[in-house]
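Each chain, letter by letter, is given below.
Protein chains: 2
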Amino acid sequence: MALIVQKFGGTSVANTDKIKAVAQKVIKYQQEGNQMVVVLSAMSGETNRFVDMANDVQSIPDPREMDVLLSSGEQVTVALFSMAVKDEGFDSISLLGDQVKIITDNMHTKARIKSIHTELINKHLNDGKIVVVAGFQGVTEDKHITTLGRGGSDTTAVALAASLNADKCEIFTDVEGVFTTDPNICSAARKISRISYDEMLELASLGAKVLDIRSVGLAKRYKVPVHVRSTFTDSEGTWVVEEDKDMESMLVSGVAYSKNEARITISKVQDTPGVASKIFLPISDAGIVVDMIIQNTRAGELTDLTFTVPRTDYEKAMKIVQIVSKEIGAENVTGSDDIAKISIVGVGMRNHSGIATTMFHVLAREGINIKMISTSEIKVSCVIEEKYTELAVRSLHEAFALDKDNQPVVE
Amino acid sequence: MALIVQKFGGTSVANTDKIKAVAQKVIKYQQEGNQMVVVLSAMSGETNRFVDMANDVQSIPDPREMDVLLSSGEQVTVALFSMAVKDEGFDSISLLGDQVKIITDNMHTKARIKSIHTELINKHLNDGKIVVVAGFQGVTEDKHITTLGRGGSDTTAVALAASLNADKCEIFTDVEGVFTTDPNICSAARKISRISYDEMLELASLGAKVLDIRSVGLAKRYKVPVHVRSTFTDSEGTWVVEEDKDMESMLVSGVAYSKNEARITISKVQDTPGVASKIFLPISDAGIVVDMIIQNTRAGELTDLTFTVPRTDYEKAMKIVQIVSKEIGAENVTGSDDIAKISIVGVGMRNHSGIATTMFHVLAREGINIKMISTSEIKVSCVIEEKYTELAVRSLHEAFALDKDNQPVVE
Numbered sequence: 001m002a003l004i005v006q007k008f009g010g011t012s013v014a015n016t017d018k019i020k021a022v023a024q025k026v027i028k029y030q031q032e033g034n035q036m037v038v039v040l041s042a043m044s045g046e047t048n049r050f051v052d053m054a055n056d057v058q059s060i061p062d063p064r065e066m067d068v069l070l071s072s073g074e075q076v077t078v079a080l081f082s083m084a085v086k087d088e089g090f091d092s093i094s095l096l097g098d099q100v101k102i103i104t105d106n107m108h109t110k111a112r113i114k115s116i117h118t119e120l121i122n123k124h125l126n127d128g129k130i131v132v133v134a135g136f137q138g139v140t141e142d143k144h145i146t147t148l149g150r151g152g153s154d155t156t157a158v159a160l161a162a163s164l165n166a167d168k169c170e171i172f173t174d175v176e177g178v179f180t181t182d183p184n185i186c187s188a189a190r191k192i193s194r195i196s197y198d199e200m201l202e203l204a205s206l207g208a209k210v211l212d213i214r215s216v217g218l219a220k221r222y223k224v225p226v227h228v229r230s231t232f233t234d235s236e237g238t239w240v241v242e243e244d245k246d247m248e249s250m251l252v253s254g255v256a257y258s259k260n261e262a263r264i265t266i267s268k269v270q271d272t273p274g275v276a277s278k279i280f281l282p283i284s285d286a287g288i289v290v291d292m293i294i295q296n297t298r299a300g301e302l303t304d305l306t307f308t309v310p311r312t313d314y315e316k317a318m319k320i321v322q323i324v325s326k327e328i329g330a331e332n333v334t335g336s337d338d339i340a341k342i343s344i345v346g347v348g349m350r351n352h353s354g355i356a357t358t359m360f361h362v363l364a365r366e367g368i369n370i371k372m373i374s375t376s377e378i379k380v381s382c383v384i385e386e387k388y389t390e391l392a393v394r395s396l397h398e399a400f401a402l403d404k405d406n407q408p409v410v411e
Numbered sequence: 001m002a003l004i005v006q007k008f009g010g011t012s013v014a015n016t017d018k019i020k021a022v023a024q025k026v027i028k029y030q031q032e033g034n035q036m037v038v039v040l041s042a043m044s045g046e047t048n049r050f051v052d053m054a055n056d057v058q059s060i061p062d063p064r065e066m067d068v069l070l071s072s073g074e075q076v077t078v079a080l081f082s083m084a085v086k087d088e089g090f091d092s093i094s095l096l097g098d099q100v101k102i103i104t105d106n107m108h109t110k111a112r113i114k115s116i117h118t119e120l121i122n123k124h125l126n127d128g129k130i131v132v133v134a135g136f137q138g139v140t141e142d143k144h145i146t147t148l149g150r151g152g153s154d155t156t157a158v159a160l161a162a163s164l165n166a167d168k169c170e171i172f173t174d175v176e177g178v179f180t181t182d183p184n185i186c187s188a189a190r191k192i193s194r195i196s197y198d199e200m201l202e203l204a205s206l207g208a209k210v211l212d213i214r215s216v217g218l219a220k221r222y223k224v225p226v227h228v229r230s231t232f233t234d235s236e237g238t239w240v241v242e243e244d245k246d247m248e249s250m251l252v253s254g255v256a257y258s259k260n261e262a263r264i265t266i267s268k269v270q271d272t273p274g275v276a277s278k279i280f281l282p283i284s285d286a287g288i289v290v291d292m293i294i295q296n297t298r299a300g301e302l303t304d305l306t307f308t309v310p311r312t313d314y315e316k317a318m319k320i321v322q323i324v325s326k327e328i329g330a331e332n333v334t335g336s337d338d339i340a341k342i343s344i345v346g347v348g349m350r351n352h353s354g355i356a357t358t359m360f361h362v363l364a365r366e367g368i369n370i371k372m373i374s375t376s377e378i379k380v381s382c383v384i385e386e387k388y389t390e391l392a393v394r395s396l397h398e399a400f401a402l403d404k405d406n407q408p409v410v411e
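From first to last, the protein sequence lines stand for chains C and U.
Residue 76 in this note's numbering sits at position 76 of the first sequence; the count goes up by one each step and never skips.
Residue 166 in this note's numbering sits at position 166 of the second sequence; the count goes up by one each step and never skips.
For reference, chain C alone in the conformation it holds in the complex (with noise of 0.2 Å):
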């Protein structure tokens, strides 16, 4: 008998039909044999209305009261759910994120699970029940109630099968599993079948649609093989799990890109101590977070500093680096919020060189300009011209024949 956390996201309970197909699916997999936890987002666009409320009230909504505004949006989904499960004559409970006891910190609307209590769950379960656990959401020490923020119930999912000992978490969504590449822009994207959870980390902006990032990292420290799979067929997704061997014969496993950070030049820094806090001691006190930093170092003791932010606080970090740079006496500050950063990750690069070489000669035989580039151990980004995302994503996808179920390994 396996015990099995099942996770499915607004879309898959946007309405009280598509509640009452996902009850049956889980009904289906206890029969099988298996003991099952589900947790529920809110109907999906839920959370939307009740921000826009939120704003009709307070021009900045208060993050304790947005949390018990928002976490009733996944009580009205687990009860239903509980209710669709008995109606088809099985037991069911449902527990929100106090009664389960998901003690968080107390960061409103961003809030960290610090530890689930499982007794109460494991005594539903014993007694044969379907547990339908309210995600998102979690409860302080002292009783206010938290939210996890965005993509919250798939942490809430990964944690509880990661404090459950569950045997798999299945994340079951609206699209079949994670892609070698986005296939809206690139047709030959692929559905990876297995992917370890540090490429996955790194595809962050592929998964992010599929899955939450954070939830990622956790079950990749409690070694919880995880299931991103499509709500709407019975085919099997993609696994989420540790390294093998398979993996690393592969070059790349798949090729990313994100279109929501801009780039920031400064020209001409003196290459000082303490120059680079100089900077970016206020950009980080504005709360804004820089992704990229690259420095070129010129001719004597000027540098060149290029960084990347996220494209909503580029205007922001533009008006600080100008005051800043002045009082560093740089040259100047150019930047550009038409960028793009293309990503290849690929656990088999750590064995395998010659897989950057690759990826800049694709990048220039198709005339696109490397603007940056930044490294990590299975992973090499670069950033472009924005119009040439498409171009790039297809050329990389090609190239390393990611169409292709077993790459060719380049030694």
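Note that these hints are calculated values from the structure, not bench results.
Since we're looking at a predicted model, the values are computed, not measured.
Where is the CB? At the ideal position from N, CA and C, for every residue including glycine.
Treat the hints loosely; a few may be bogus.
Claimed, not checked - Which chain U residues stay away from chain C? Per the calculated CB distances, all over 12 Å, these: (1) D98; (2) S235; (3) H361.
Stated by the list, open to error - Calculated cross-link-like contacts (lysine-lysine; reagent style DSS-like; alpha-carbon spacing at most 25 Å): (4) K326/C x K268/C; (5) K25/C x K168/C; (6) K18/U x K168/U; (7) K278/C x K268/C; (8) K316/U x K326/U; (9) K25/U x K123/U; (10) K316/C x K278/C; (11) K143/C x K143/U; (12) K268/U x K278/U; (13) K114/U x K101/U; (14) K319/C x K259/C; (15) K143/U x K101/C; (16) K101/U x K101/C; (17) K25/C x K143/C; (18) K143/C x K101/U; (19) K143/U x K123/C; (20) K371/U x K259/U; (21) K114/C x K143/U; (22) K114/U x K223/U; (23) K25/U x K168/U; (24) K319/U x K268/U; (25) K18/C x K209/C; (26) K143/C x K114/U; (27) K123/U x K143/C.
Given chain C, work out where chain U should sit, using these hints.
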């Protein structure tokens, strides 16, 4: 400094604009030097929406899960309300039933309050906060969410006022108070300025529209002064308070009517011990609540037995009675569901004779036949044909001069 509990119903918090307006109203009371506890219902329409969804997924919705579902409605309004208060620059906190610890029995969908913990509310009041409590909901000792049934938010408000030893409990609604009769059928109906708990209980059919009747019983027991008033004006409404001399000088406080009943007559029943229980036991076993029971003795040992049941239970009751009447050898069973119950209510009746006679005389004068009569210390009820309802109400209202603030006292 007074402690005031104010309850706002679903129409008063139906959208974000109304929530903001109510928040400003409450802030004004606090600024006048009062400690404020606010009890809110769900937005009007939400409960029906939830019930519809529940009926979609389960033929008879599970009561425990129904309570999880329904209680999410107040969670939304208290969060938004608290935000609205903060947006005006004042401090506020929302508390759910389980956060306050409004402990109830485990009768889901119609739970009764067993105790209320006041520590947390008092702490926040002493911190200068407007404390916003979700109405209608509680929690069992073992942490299951419960709801208090229709009108439960009134009960929450009065129970909180009693527990907190509040100076008054104000029930804000969409009408101006309790009227001498239904203004929709009698244009001369007048707002009552003060009424006793006992009268209010008897005027259930008038009061139910503005004030849940269970909350009146609770107010009476704990001597909580209740002020029923309009959300949308600042004028005084109706005070429901302990009986005083002024009230006793009035003969009649109001005329109530109910079209929700049906009448069943069993003819020529053996008048022997045990017959009544043989008839009424299966009826109560079927969950049907009998209101009036009248037994007319005939010649010899045969009697006629007439009683009323809720109109929605009429057919079910008829079937039961037809079976029982055969068993006990009664002659036949007749009934009708086109009846109405007209009641006059007033504590003044205790000290004045002739009130009932006046009522019978007025009805006779209008050609209205009385089918059943029942009386209590402060009430006379007559069952008549439904079609005469409006005529009876208007005639009695006029006969007892209810349109005038100070009625002439008939000695």
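Hints, one by one, checked against the model:
For D98/U, the shortest C-beta to C-beta distance to chain C comes to about 7 Å, within the 12 Å cut-off, and the non-interface label is violated. Residue-level check passed: S235/U sits 27 Å from the nearest beta carbon of chain C, beyond 12 Å. H361/U, annotated as away from the interface, keeps every beta carbon of chain C farther than 12 Å; the closest lies near 55 Å. Straight-line distance between C-alpha atoms of K326/C and K268/C comes to about 12 Å, which keeps the hinted pair within the 25 Å bound.
Between K25/C and K168/C the alpha-carbon distance is near 16 Å, which keeps this suggested pair within the 25 Å criterion. Using a Cα cut-off of 25 Å, the hinted pair K18/U and K168/U holds, with the two alpha carbons roughly 23 Å apart. For the suggested pair K278/C and K268/C, the alpha carbons sit about 15 Å apart, so the restraint of at most 25 Å is met. With a CA separation close to 16 Å, the supplied pair K316/U and K326/U stays within the 25 Å bound.
For the proposed pair K25/U and K123/U, the alpha carbon gap of about 23 Å is at most 25 Å, so the pair holds. Proposed proximity of K316/C and K278/C is supported: the alpha carbons are some 17 Å apart, at most 25 Å. Only pairs whose Cα atoms come within 25 Å are accepted, and K143/C paired with K143/U is accepted, the gap being roughly 13 Å. A hinted pair counts as satisfied when its Cα atoms are at most 25 Å apart, and K268/U with K278/U qualifies at roughly 15 Å.
At most 25 Å may separate the alpha-carbon atoms for a hinted pair to count; K114/U and K101/U meet this at roughly 10 Å. Distance restraint check for K319/C and K259/C: the Cα-Cα separation of roughly 21 Å lies within the 25 Å cut-off, and the hinted pair is therefore satisfied. Restraint check: the Cα-Cα separation between K143/U and K101/C comes to about 11 Å, which is no more than 25 Å; the hinted pair holds. A distance of roughly 16 Å separates the Cα atoms of K101/U and K101/C; the hinted pair therefore holds under the 25 Å criterion.
For the proposed pair K25/C and K143/C, the alpha carbon gap of about 34 Å is over 25 Å, so the pair is violated. Taking the CA atoms of K143/C and K101/U, the gap is about 11 Å. The hint holds against a cut of 25 Å. Using a Cα cut-off of 25 Å, the hinted pair K143/U and K123/C holds, with the two alpha carbons roughly 15 Å apart. For the hint linking K371/U to K259/U, the alpha-carbon distance of about 14 Å falls within 25 Å, and the restraint holds.
At most 25 Å may separate the alpha-carbon atoms for a hinted pair to count; K114/C and K143/U meet this at roughly 21 Å. Restraint check for K114/U and K223/U: satisfied, since their Cα atoms lie roughly 18 Å apart, inside the 25 Å limit. For the proposed pair K25/U and K168/U, the alpha carbon gap of about 16 Å is at most 25 Å, so the pair holds. For the proposed pair K319/U and K268/U, the alpha carbon gap of about 18 Å is at most 25 Å, so the pair holds.
Restraint check: the Cα-Cα separation between K18/C and K209/C comes to about 21 Å, which is no more than 25 Å; the hinted pair holds. Distance restraint check for K143/C and K114/U: the Cα-Cα separation of roughly 21 Å lies within the 25 Å cut-off, and the hinted pair is therefore satisfied. Distance restraint check for K123/U and K143/C: the Cα-Cα separation of roughly 15 Å lies within the 25 Å cut-off, and the hinted pair is therefore satisfied.
Checked against the numbered hints given earlier, the structure breaks hints 1 and 17 and satisfies all the rest.
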